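Read top to bottom, the protein sequences are chains A and B. Take the first sequence: its letter number 196 is residue 218 in our numbering, and every next letter is one higher. Take the second sequence: its letter number 33 is residue 134 in our numbering, and every next letter is one higher.
Bear in mind the hints are in silico, worked out from the structure with no lab data behind them. Take these hints with a grain of salt, some might be off.
As the list claims (entries may be wrong) - Quick list of the computed label-pair ranges, beta carbon to beta carbon:
id, chain 1, residue 1, chain 2, residue 2, range
1, B, L278, A, N239, 43 to 49 Å
2, B, V272, A, L33, 19 to 25 Å
3, B, L196, A, L240, 54 to 60 Å
4, B, T288, A, H262, 52 to 58 Å
5, B, K299, A, L33, 45 to 51 Å
As the list claims (entries may be wrong) - Simulated pairs of lysine-lysine, PhoX-like, Cα-Cα distance not exceeding 20 Å:
id, chain 1, residue 1, chain 2, residue 2
6, B, K229, B, K156
7, A, K223, B, K293
8, B, K320, B, K293
9, B, K218, A, K223
10, B, K347, A, K223
11, B, K180, B, K156
If you're wondering where the values come from, they're calculated on a predicted model, not measured in any experiment. Glycine included, C-beta positions come from ideal geometry on N, C-alpha and C.
Residue strings, one per chain:
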Amino acid sequence: MLIVFISAVWLYSNFESHWQQPKYPLMIAVSKTPLSTPFYVAKAIGAFDETCVSVKFDEVVGGQRAFAKVMNGDVDFGTSSDSVIAFQSLANKAFVTHAMFVQSDNDVKLITRTSAKINSTMDLKGKRVGVTQGTASEYFLSTLLALEGLTIEDVELHHYKPEQLMNGFINNDIDAFVPWEPFGFQSDQLLNGQIKIHNTKSLNSLSFNLISVTADNLLVEKAKCVIQGLSIAIDYIASHPSESKQIVMNELKLSAKFIDWVWSDYIFKLGLNQSLMLSVESQAIWAVATQMTQFNEVPNIEHFIDSRAMLQVMPNAVNIPQ
Amino acid sequence: MNISLLQRIFFFTLSCCLLFVLLLGSVIWSSQAIELAFSRNNYAQQLTNQTNTLKQLVANDNIYDSNYSINDWQSLELKLTALLKSSPKLTDQQLTIQNSLQSQNESLKNLFTLINKNKLKNASEVIKTHLKAKLMTQLEAIRSDALHLSAIAQKDIYNTIKNQAIFIITVSAVSILALLFGAFTLTSIVRKSLNEVKHAFEKNHSGDYQNIQLSHHSKEFDSIAIAFNAMNEKLSESTVSLTVMKKIVEERTHVLELLSKTDPLTQVANRRALFERASMEFSRAKRSKNKLTLLLLDCDFFKHVNDEFGHLFGDELLIHICNICSQEIRDIDFLARYGGEEFIIVLPNCDIAGGIETANRIQNSLAKHCVTLDGKEVCVTLSIGISMLSERHKNLDQLINDADKAMYLAKEKGRNRIEVLPAPNLH
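Bound conformation, chain A alone (with noise of 0.2 Å):
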């Protein structure tokens, strides 16, 4: 009987090994930042490969590009920051967030030149300001200035690809920038004793999110695959930490110090909740207040959010209306 029992469970197991879902082939956008660390992982442990995608990545340098990737079809999936997605909700963009992977308390800063002598927001009044426009960098700057009353028509506004921010400072063409890592870290290695780094911690949480158009059913299935290689890796980078750390440095050729630098700011999770919805709205809101957009109206932020592959992979990490 017991030998009966074991083939037969070997029969069931071979039988769904062999019982496949077909492969879809799928392309990701992302941006090249240790924030995708989770795809990063699950493509070098092959978490993708348990699922029903076989995945490519197209790196592209934040999740503005990735999100202009998606829209314009090159891409199946992206990775954009919340503040991505509320600027792009304003205006009414076919594009929905499938779950949020990750979130940083500390991945954008406010670097000043020393010379400058730029002690609080207060002293950037009137001075040259860097910052990539439409995205996590030109919100920051707002709300702190906000915080002191000012507002980005109190600074001199310089909009730079993210990349190219520091050769702007190191051009003496601005006098502050606003990039997120791991450029905050490659200006602190060279421009050491140059600039100073602004405590901002706590000030501003991003989170990156998985994107695509607005999906349908078999966009929501590869969504739904994606989705459970991320929760493998996950899992994988909460277990192996110091794996995970080696994979990212690898992939986006960093050094172990930057890795520890921006390691303990993030937190790999995810989730698909209430707070996404309110970040995102609150950025939305903000944007239109301070005229950072040309858009007038807050769309409803629910339209962006599909939570049908969450709801499938992780039911538990879900806490949105319904």
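Once you have looked at the hints, place chain B on chain A.
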């Protein structure tokens, strides 16, 4: 491997105990696991409640009011921080959420401190509203994490109970099967071995000394078998089996019977056998109205032969006469030594004529075959009296008596002749 029954029983009992301990251990383990999952759930729910209270506070109070007292906020926030520090043991996945909770709480505290610093006196209403929204977002993030934690804990409770139930059912089923198998094997070995021993005893009882052949080997039964087989060997050496004994007795009885009915000299039936057989034939003839004739033969001048040639020759002569008679009679006829040199031949289903014919044949044969002694032929004759069963014969003695009388008549009339009594009608 030869395992003793005791060892088997010991292993059996040990296995029972192990299975019991395994079950007990799993129940204890799962109760602890469930208790831990409950404490996690409880922790998560406390966090949710605490966050809800803070949310209410932020929603209802005007935190930018210059008279706003932060005491309520601080005490609630302290409670939340203390609660976050008193987390029960968490899994890796839950620890990630716990880290997130702690980080969110730090952000929350920093944000509130910032808001309260100078009550944002330079800030516009827009940023105030925005920061309040951020505060609510931060609280919502904590609440979401707490809910997530609670959902995981609840799922853990469900999974632990489910897994435990499956485990207990599986272990119980396997245990029952194993115990049944063990009990069956043990019983089967004992029963088979006992049957084999019993069978050997039964065989022994009937004198068939067979060794015990055990199909299952166990130390205990093996020792019984060895002792029994040794005993059997000795018994078979010293004891004649009953079957053999019966056969011997039958053979001996047969020999004795033969001896008791045989005349030791002539090897023909003796007087006792004669009466036995003749009585039977007499009764049968009477009953079935068949004929029955007796010949009484007496050797003429036998005393002279004895005197002249010695007793040994006399004995030889008697044997010779018997041989002649035996050759001349039918299979159903019966020759017996009546006494001394007298013989009787019982002729069933034979009348006087048949009797005379037989008597003649004997006399003729005897006349032709004389006995040789030291090159000299010695011839003897017989006086034969014949009697046939008739109505007047009430018993065998009367019939013999008639034959006897007829024989004496023959002697009187000169010997070597045949006389019949009662005289047949043909004469």
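Here is what the structure says about each hint:
Roughly 47 Å separates the CB atoms of B/L278 and A/N239, a value that falls within the hinted 43 to 49 Å. At about 24 Å, the beta-carbon gap between B/V272 and A/L33 stays in the expected band of 19 to 25 Å. Between B/L196 and A/L240 the C-beta distance comes to about 36 Å, which lies outside the given range of 54 to 60 Å. The hinted window of 52 to 58 Å between B/T288 and A/H262 holds, with their beta carbons roughly 54 Å apart.
Hint check: B/K299 to A/L33, Cβ distance near 48 Å, so the stated range 45 to 51 Å holds. Of the pairs offered as hints, the one joining B/K229 and B/K156 holds, with about 16 Å between alpha carbons and a cut-off of 20 Å not exceeded. Between the alpha carbons of A/K223 and B/K293 the distance comes to roughly 83 Å, so the proposed pair goes past 20 Å and is violated. Under the criterion of a C-alpha separation no larger than 20 Å, the hint pairing B/K320 with B/K293 is consistent with the structure, at around 14 Å.
Between B/K218 and A/K223 the alpha-carbon distance is near 16 Å, which keeps this suggested pair within the 20 Å criterion. Pair hint B/K347 plus A/K223 does not hold up; C-alpha atoms about 117 Å apart against a cutoff of 20 Å. Taking the CA atoms of B/K180 and B/K156, the gap is near 14 Å; set against the 20 Å cutoff, the hint holds.
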